[in-house]
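S.K.: The lines below spell out each chain.
Protein chains: 2
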Amino acid sequence: MIYLDNAATSYPKPEEVYEAVLHHMKHVGANPGRSGHQLALEAGRGIFGTRELIASLFNIDNPMQIIFTSNATEALNLAMKGVLKKGDHVITSSMEHNSVLRPIKALEDIGVENTIIKCDSDGSLSPEDIKYAIKNNTKMVVLTNASNVTGTIMPIKEVGKITKEAGILFLVDGAQTAGIYDIDVKQMNIDLLALPGHKGLMGPQGTGILYIREGIDVMHFKEGGTGSKSEELTQPDMLPDRYESGTSNAPGIVGLGAGIEFILKEGLDKIRNHEKQLTHYFIEELKKIEMVKIYGPKDAEKQGAVISINIGDEDSSEIAFILDKVFNIAVRSGLHCAPMAHRTIGSFEQGTVRFSIGYFNTKEDIDKAIEAIKNICEQI
Amino acid sequence: MIYLDNAATSYPKPEEVYEAVLHHMKHVGANPGRSGHQLALEAGRGIFGTRELIASLFNIDNPMQIIFTSNATEALNLAMKGVLKKGDHVITSSMEHNSVLRPIKALEDIGVENTIIKCDSDGSLSPEDIKYAIKNNTKMVVLTNASNVTGTIMPIKEVGKITKEAGILFLVDGAQTAGIYDIDVKQMNIDLLALPGHKGLMGPQGTGILYIREGIDVMHFKEGGTGSKSEELTQPDMLPDRYESGTSNAPGIVGLGAGIEFILKEGLDKIRNHEKQLTHYFIEELKKIEMVKIYGPKDAEKQGAVISINIGDEDSSEIAFILDKVFNIAVRSGLHCAPMAHRTIGSFEQGTVRFSIGYFNTKEDIDKAIEAIKNICEQI
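Protein sequence lines, in the order shown, are assigned to chains W and H.
Numbered according to full-length UniProt numbering, the first sequence spans residues 1 to 380.
Numbered according to full-length UniProt numbering, the second sequence spans residues 1 to 380.
It is worth saying that the hints were derived from the structure and are not from the lab.
Don't take each hint at face value.
Same chains, same label: a pair holds when it works inside one copy or across any pair of copies.
[As the list claims (entries may be wrong)] Restricting the straight-line Cα-Cα distance to at most 27 Å, the calculated cross-link-like pairs of lysine-lysine (DSSO-like) are: (1) K363 <-> K276; (2) K265 <-> K161; (3) K363 <-> K26; (4) K118 <-> K164; (5) K287 <-> K164; (6) K293 <-> K276; (7) K229 <-> K105; (8) K139 <-> K161; (9) K293 <-> K186; (10) K368 <-> K139; (11) K363 <-> K288; (12) K270 <-> K26; (13) K287 <-> K229; (14) K293 <-> K229; (15) K368 <-> K287; (16) K288 <-> K86; (17) K276 <-> K26; (18) K139 <-> K276; (19) K374 <-> K86; (20) K135 <-> K270; (21) K302 <-> K325; (22) K298 <-> K157; (23) K105 <-> K86; (24) K118 <-> K229; (25) K270 <-> K186; (26) K265 <-> K26; (27) K276 <-> K135; (28) K157 <-> K302; (29) K288 <-> K229.
It should be emphasised that the depicted structure is a prediction, and the values quoted were computed from it without experimental measurement.
Please construct the entire structure, taking both the sequences and the accompanying hints into account.
M.R.: What follows is the structure in structure tokens.
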């Protein structure tokens, strides 16, 4: 199986991640932050270790401002719904995932207005459009760091300057870039950063992250046992406890720590360059195939390792099915939970066939994918 | 290390659980319910398999009514906040965990009334007290199946009759009983059942369950990608997708499936009888030690495998510390995230030292715990 579905979840993970999860389950096991015995303390240290690694990777001063969630979707929901109130206005782009757009649509019901900036047909966004959309009641800009459909990299740094100047919160969805591209919350003026643990960060599924800049009051949406201030019937205010009620996914979080250690050891540059090279090569080879329509910037400098295509007018699901069944190549077809992105790039009816490259892919994988696509084109 | 902290999380897990998690991470890996390739489909089948096992264990007709959450706390929050609205009244007991009481206290802010029934000093509850507390606007009764402080088993079946007759929803917190005691949602008239995956069900941490009886409209609190109806910007209504936005904890859920398979293979009776025998033996031996005060029913027929004690007026944390450091015995001290339960049994200031027995504990473990307690008593 050639796995080219890394935008959904990275696979495989580094061997160290498997080992960390297994070691934690087998030899630590206890519930972190609750009891005070050796195993519980070790579990707590494991989780704190991952918080420190995350802080280091994203230039976050205080690891306690890092909240573990079950996935990036939960982190995005928490960040938006915990901040936006009736009468507020939020700005986002048409290239967002449903994990951003569906909460924003749901917030309309409680009187939160929104402006969805239409991006260009290659998925790109002009920062000026954000600036222009800011109103008196604008509270937040939500933007993906890179599209999960076309890989288009968004001008985060430029938008961060605009939001900072305007005194507006900036929430970034780093689902497609964390662990591959530099994300510096201070340099980029990111107030809230939502991340999956299981994509570029190489951790297990079941892990997500929300960074909350100090001083921002985000309303929690779950109360429960926190192992702290147990005598009180109200949720404690302190972070991260306020947002982490109930038993944490300790093996997952420790596995995520191992994933980030792997990334720090390899180096972001090396990881990114490898993916860039393969992306560049793939795009250039695709350009040579007449029947293939490539979406997005078609430029590895302007996009992450996500390449969406179609073959003529063929149904994207049918192509993905053939890639899987005949060529043993795993990709994702359809709308990728981002319908507005497909409307933006003009593929709403057809969807696209999405190839997403990971650090463990090789040039041989890309060659086989190209060969398979050529073969399919010939058969049609 | 003698692990007697199974009420926090069961440890160790059956070998099959470790194997299932590792196998899934290493050899399946993909994102379930999203892409259509072989690995993604296998991941989806793994998750559905766990749903079916849960349905079988709790006599649930339709596995699609089973929602995966990150822990029992999330399941309880969803069940309460998704149903209770301004003007509603909810009844619960004073033996509940903060995962029930804190959300109920938070719901006061939006105008949801509550009655908290004071239990007896052994933690027991009279079903008549529930009946008596029902008012015209009572919408729900929330009750733990067994206290996490004293193990006291609650009269679920009797309360289920009362709520059914009164046309009120019945939410049960099965954190301390699932996988050990029979829970039959139909026989017991349970409308909503919240469970952790990582305690008696033997699954990994990071897993929780909410069963929702068909016909109950529970408002979701997260929107996002569901892999279904991707073309729509509103959350799909169908279960379980409505509540499972974003990437699932697939390795955790598959591990949970292996845990439940282990339970079904061993048989609930065998598991329960083993824990009952050890509980009975432990209580009887504890009764012989003069300085020990035992809380709860002191009767293995009336309590789960959770035994709270104190030694004279000694600080419970100090005793737990000695048990850990000197005797290598892991227990939990303090308030166990259930302050009102401690007020009920009269241990709010001191907390208790809680021993919680699991299926993998042996008579030798109990002997060593008794020996350690005797030793501590002599030193004081």
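S.K.: Evaluate each hint against the coordinates.
M.R.: Each hint tested on the structure:
In this homomeric assembly, K363 and K276 come within 27 Å of each other (Cα to Cα) only inside a single copy, at 12 Å, whereas the closest approach across copies is 60 Å. Proximity of K265 and K161 under a CA criterion of 27 Å is satisfied in neither setting, with 31 Å inside one chain copy and 60 Å between copies. For a Cα distance limit of 27 Å, the shortest separation of K363 from K26 across copies, 22 Å, qualifies, whereas the shortest one inside one copy, 37 Å, does not. Taking CA atoms no more than 27 Å apart as the test, K118 paired with K164 passes inside one copy only; the shortest distance there is 22 Å, against 52 Å between copies.
For the homomeric pair K287 and K164, neither the shortest alpha-carbon distance inside one copy (40 Å) nor that between copies (66 Å) is at most 27 Å. For the identical chains of this complex, K293 and K276 are intra-copy neighbours only, at 20 Å inside a copy versus 67 Å across copies, given an alpha-carbon limit of 27 Å. Within a single copy, K229 and K105 get their C-alpha atoms only as close as 36 Å, which misses the 27 Å cut-off; across copies the closest is 15 Å, which meets it. For the homomeric pair K139 and K161, the shortest alpha-carbon distance inside one copy (15 Å) is at most 27 Å, but the shortest distance between copies (49 Å) is not.
In this homomeric assembly, K293 and K186 never come within 27 Å of each other (Cα to Cα): the closest approach is 39 Å inside a single copy and 55 Å across copies. In the homo-oligomer, the alpha carbons of K368 and K139 never lie at most 27 Å apart, since the shortest distance is 47 Å inside one protomer and 60 Å across protomers. For the identical chains of this complex, K363 and K288 are intra-copy neighbours only, at 17 Å inside a copy versus 72 Å across copies, given an alpha-carbon limit of 27 Å. In this assembly of identical chains, K270 and K26 lie within 27 Å of each other by CA distance solely across copies; the values are 24 Å between and 33 Å within a copy.
Within a single copy, K287 and K229 get their C-alpha atoms no closer than 61 Å, and across copies no closer than 32 Å, so neither meets the 27 Å cut-off. Taking identical chains as interchangeable, the C-alpha atoms of K293 and K229 lie at most 27 Å apart only when they sit on different chains, with a minimum of 25 Å there against 58 Å within one chain. Proximity of K368 to K287 under the C-alpha cut-off of 27 Å is restricted to the intra-copy arrangement: shortest distance 16 Å within a copy versus 72 Å between copies. Taking identical chains as interchangeable, the C-alpha atoms of K288 and K86 are never at most 27 Å apart, the minima being 52 Å within one chain and 63 Å between chains.
For a Cα distance limit of 27 Å, the shortest separation of K276 from K26 across copies, 26 Å, qualifies, whereas the shortest one inside one copy, 38 Å, does not. When the C-alpha separation of K139 and K276 is checked against a cutoff of 27 Å, the pair qualifies neither within a copy, at 35 Å, nor between copies, at 57 Å. Taking the shortest alpha-carbon separations for K374 and K86, neither the intra-copy value of 53 Å nor the inter-copy value of 61 Å comes in at or below 27 Å. When the C-alpha separation of K135 and K270 is checked against a cutoff of 27 Å, the pair qualifies neither within a copy, at 41 Å, nor between copies, at 66 Å.
In this assembly of identical chains, the alpha carbons of K302 and K325 never lie at most 27 Å apart, being 32 Å within a copy and 57 Å across copies at closest. Taking the shortest alpha-carbon separations for K298 and K157, only the intra-copy value of 22 Å comes in at or below 27 Å, while the best inter-copy value is 63 Å. Proximity of K105 and K86 under a CA criterion of 27 Å is satisfied in both settings, with 13 Å inside one chain copy and 23 Å between copies. In this homomeric assembly, K118 and K229 come within 27 Å of each other (Cα to Cα) only across copies, at 22 Å, whereas the closest approach inside a single copy is 47 Å.
Proximity of K270 and K186 under a CA criterion of 27 Å is satisfied intra-copy only: 23 Å inside one chain copy versus 57 Å between copies. Taking the shortest Cα distances, K265 and K26 sit within 27 Å of each other both inside one copy (26 Å) and across copies (21 Å). In this assembly of identical chains, the alpha carbons of K276 and K135 never lie at most 27 Å apart, being 38 Å within a copy and 65 Å across copies at closest. Taking the shortest Cα distances, K157 and K302 sit within 27 Å of each other inside one copy (14 Å), while across copies they are farther apart (62 Å).
For the identical chains of this complex, K288 and K229 are neighbours neither inside a copy (64 Å) nor across copies (34 Å), given an alpha-carbon limit of 27 Å.
Of the numbered hints given earlier, the model fails hints 2, 5, 9, 10, 13, 16, 18, 19, 20, 21, 27 and 29; all others are met.
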